[in-house]
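Here the protein sequences come in this chain order: R and L. Residue 255 is where the first sequence starts when you use our numbering, and the numbers rise one by one after that. Residue 255 is where the second sequence starts when you use our numbering, and the numbers rise one by one after that.
It does not matter which identical chain is meant; a pair holds if it fits inside one copy or across any two.
Straight-line C-alpha distance at most 27 Å; calculated BS3-like pairs for lysine-lysine:
(1) Lys359 / Lys266
(2) Lys367 / Lys266
(3) Lys262 / Lys318
(4) Lys291 / Lys314
(5) Lys314 / Lys257
If you're looking for bench data, these hints aren't it; they were derived computationally from the structure. Computed from a prediction, not measured in an experiment: that's the story for all the values here.
Number of protein chains: 2
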Amino acid sequence: MAKVSYKKFRMKPRITLVSDEKFFGRGVSELLRLIDKSGTMQEACKIMDMSYSKAWKIIKRVEKELGCKIITAKSGGVKGGTTILTDEARDLVSRFDSMEEDVAKYTERAFKKYFL
Amino acid sequence: MAKVSYKKFRMKPRITLVSDEKFFGRGVSELLRLIDKSGTMQEACKIMDMSYSKAWKIIKRVEKELGCKIITAKSGGVKGGTTILTDEARDLVSRFDSMEEDVAKYTERAFKKYFL
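Given the sequences, and given the hints that come with them, work out the whole structure.
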């Protein structure tokens, strides 16, 4: 058997929150971060090259699964009303990002163990 | 902040072997297992509801990345020629499956840590 070297490859991990179907992963986490940063769904969708209707559908799905709002309107301020994340959404994004980083580190170690 | 319970959810992990692009994951591993079991690509494609041309493209891509054949013809026998996996393919599938199981177990523990 020819010895295959796996040194030039890497193993990419991906985690997704699932109920009966997948409903929250890297993409949604990124979308929420961008909404929070820009203050508008429109701007976040533009950056992600995603349609407003798709983003809205994704957000409604997450809200249905969690049983609470994940974005909310913040009225007033210099720029007028903006869209911000609820505490529940911040909490979810924070947990998800931490877990994702943790699993990524483990996957890197596991790749060395099983392939290198 | 309303307390969201994540008990009814699970976190699904997925690992994929990557060079410049993804080229080997759960789907390809399953395809190879089915080819080996049935002895023909046709039968494996049928079970996976995948076109022969797509399966062939996937296999060629993996062979190009690894620099070796992953399926080979075995001539003769009662049923005539069959298609089997090369030792290199068996080795890859075995490593991948073991690592996938390992990462899945870790992800389950990590989910408890970060979400429950």
